[in-house]
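From first to last, the protein sequence lines are chains Z and H.
Here the numbering used here = 1-based position in the first sequence + 348.
Here the numbering used here = 1-based position in the second sequence + 12.
Just to be clear, a hint being listed does not mean it is correct.
Straight-line alpha carbon distances no greater than 30 Å define the calculated DSS-like cross-link-like pairs of lysine-lysine that follow [what the hints assert, rightly or not]:
#1 K60/H with K84/H
#2 K60/H with K103/H
#3 K255/H with K291/H
#4 K60/H with K218/H
#5 K125/H with K250/H
#6 K60/H with K384/Z
#7 K255/H with K177/H
#8 K384/Z with K84/H
#9 K177/H with K384/Z
To be clear, the hints were calculated from the coordinates, so they are not data collected in a lab.
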Amino acid sequence: MIGGPTRPGGRLVAWLYGLALVAAVFSGMGQMPILKRYYVSDLPLMGWSADFYILSDLHYLSVSLLLALYAWRLSLGTRLGRVSWSWGPRSWWGWLLLAVLLVTGAVKVLRNLGVFFSPSLLVVVDLCHLGAAMAFMVTGLVVLIGGRRRAETI
Amino acid sequence: MSQGISRRSFLKGSAAAAAGLAASRAPLPQAAQAASGRELCTLLDLSKCVGCEECVDACREQWQATVPDPVKPIPKPFPERVPIQDWSGRKDVQDRLTPYNFLYLEHLDFEYKGESRELHIPRRCMHCLNPPCTNLCPFGAGRVEANGVVHIDPDICLGGAKCKKVCPWHIPQRQSGVGIYLDLMPSFAGNGTMFKCHRCLPLVEKGEQPRCVEVCPEGVQSIGPRAEMVARAVALAKEMARKDGAPAGAYRDYIYGLEENGGTGTLYVSPIPFTVVSKAIDQEHRRLAQEASQGKGRNQGAGGRRRVTGQRGRPHMHRVGDSMASAENLSLALVVAPLAGVAAGFLKLFGGRGSSGGDEGGSL
Chain Z
349 MIGGPTRPGG RLVAWLYGLA LVAAVFSGMG QMPILKRYYV SDLPLMGWSA DFYILSDLHY
409 LSVSLLLALY AWRLSLGTRL GRVSWSWGPR SWWGWLLLAV LLVTGAVKVL RNLGVFFSPS
469 LLVVVDLCHL GAAMAFMVTG LVVLIGGRRR AETI
Chain H
13 MSQGISRRSF LKGSAAAAAG LAASRAPLPQ AAQAASGREL CTLLDLSKCV GCEECVDACR
73 EQWQATVPDP VKPIPKPFPE RVPIQDWSGR KDVQDRLTPY NFLYLEHLDF EYKGESRELH
133 IPRRCMHCLN PPCTNLCPFG AGRVEANGVV HIDPDICLGG AKCKKVCPWH IPQRQSGVGI
193 YLDLMPSFAG NGTMFKCHRC LPLVEKGEQP RCVEVCPEGV QSIGPRAEMV ARAVALAKEM
253 ARKDGAPAGA YRDYIYGLEE NGGTGTLYVS PIPFTVVSKA IDQEHRRLAQ EASQGKGRNQ
313 GAGGRRRVTG QRGRPHMHRV GDSMASAENL SLALVVAPLA GVAAGFLKLF GGRGSSGGDE
373 GGSL
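Construct the complete structure from the given sequences, taking the supplied hints into account.
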């Protein structure tokens with residue numbers, strides 16, 4: 349490669365990623381019965397968020413988009429040399445959280461298909477999924493507030 | 013039931029294949045195992061039920077004391093619109109589901125084919141094969157055991173009542189002022205614990221029968237492997253349809269629970285079609301709601317038992333589609349999406365313009 353780092357996808361993909369991430373976090377956190385309790389569902393045009401089935405569908409769809417983007421990025425990342433990604437985790441911590449979310453999420457998807465898992469295992473899976481999502485969210489907020497340099501360190 | 017490959021079985025098969033592939037590389041947790049017909053199922057022959065409520069009494073005697081009394085005063089939830097639901101002063105209520113009453117009898121009087129008919133229906137959790145109440149619980153408080161029992165772990169449940177909302181029959185009932193939420197932030201998160209029938213799990217695990225099955229003097233209920241119970245239910249429903257003068261293919265209208273919500277561990281067979289029974293239940297619930305709105309409050313129910321009016325805690329018997337169908341469909345998107353992502357990446361790498369290594373400086 350000659351010149352500066354490449355930025356595959358540009359802004360469109362970065363925006364898509366941001367939107368999918370917000371939708372995934374919102375629909376995921378909304379799986380806890382808090383949106384109606386704390387009036388979020390009472391906001392204009394937000395009535396749908398009181399329906400857990402709609403939230404679940406939104407979670408599946410937004411995560412599908414995230415999976416497509418991460419798969420695209422990983423398939424490019426190994427071959428393109430110097431790549432500057434304007435979206436996605438910038439440290440091993442972020443990727444670790446994503447890996448936990450991926451594994452625990454996969455178990456939850458299988459469970460929703462009717463595959464049997466030990467109930468005790470599922471408690472751990474559910475709590476790990478929730479914990480990793482919250483950690484990811486907090487990390488994202490720190491990055492937003494602290495800027496990119498901060499992001500390199502966490 | 014359809015002999016073809018359903019969408020769900022295809023997805024489950026794909027999931028099992030994927031799990032098998034993964035297992036060939038890394039050991040799966042031993043706890044993970046496919047459901048393989050070990051689920052127990054109850055069959056209720058409603059033609060035998062005389063409405064004596066022996067089952068209700070036995071259930072209450074066995075389990076009511078296991079539901080704790082709330083702390084007093086019960087912490088006020090924030091915001092104010094979150095209701096405190098306290099049934100501890102109304103433990104005697106047994107004509108609807110409450111946290112202290114996991115089973116009740118729906119007593120129906122209605123006309124069918126010009127005759128006055130009576131039907132008594134024991135109502136409790138249906139123990140769905142793929143229950144949304146447990147699947148969608150964010151904390152893992154809902155549990156499905158290998159024997160098909162669907163229950164709620166009171167040590168984990170925070171009483172958010174999501175399980176009740178997503179249950180097609182709204183079965184779980186909340187008792188405020190009990191449970192783990194008291195040790196967390198009782199005003200801001202949670203609101204008690206949800207309770208419902210666990211089909212006598214502690215007894216079933218010891219090889220005993222559920223109390224409602226055991227004590228019934230008429231032998232209304234039987235319990236066994238689901239495949240066996242389904243075969244018996246279908247045979248019984250065909251017989252009832254024939255006696256009712258219905259065509260042979262109409263027997264499904266005499267079964268409830270076979271396909272409801274994707275299949276349940278509770279099969280009702282009735283001598284009267286469930287389209288008729290369902291309407292009679294709705295009518296009865298409307299009547300009770302009307303009485304409540306007229307301020308009559310309480311009246312006397314069947315057998316002289318006190319009856320609390322109101323629809324809630326009294327499930328319907330409408331036909332119910334599979335609540336998890338949408339999630340099952342969207343699982344396919346989760347499988348296809350990363351493949352599409354990889355394909356797009358390869359296209360960019362090896363196809364025409366993409367081989368230059370992408371766009372410079374953030375442009376498209």
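Quick rundown of the hints versus the structure:
1. K60/H with K84/H: violated, 44 Å
2. K60/H with K103/H: With Cα atoms ~28 Å apart, K60/H and K103/H stay inside 30 Å; holds.
3. K255/H with K291/H: Holds - the C-alpha atoms of K291/H and K255/H are around 21 Å apart, at most 30 Å.
4. K60/H with K218/H: Holds - the C-alpha atoms of K218/H and K60/H are around 28 Å apart, at most 30 Å.
5. K125/H with K250/H: Holds, at roughly 19 Å.
6. K60/H with K384/Z: With Cα atoms ~44 Å apart, K60/H and K384/Z exceed 30 Å; violated.
7. K255/H with K177/H: violated, 38 Å
8. K384/Z with K84/H: Status holds; Cα separation ~26 Å.
9. K177/H with K384/Z: Distance of about 12 Å is within 30 Å: holds.
Of the numbered hints listed earlier, those contradicted by the structure are 1, 6, 7.
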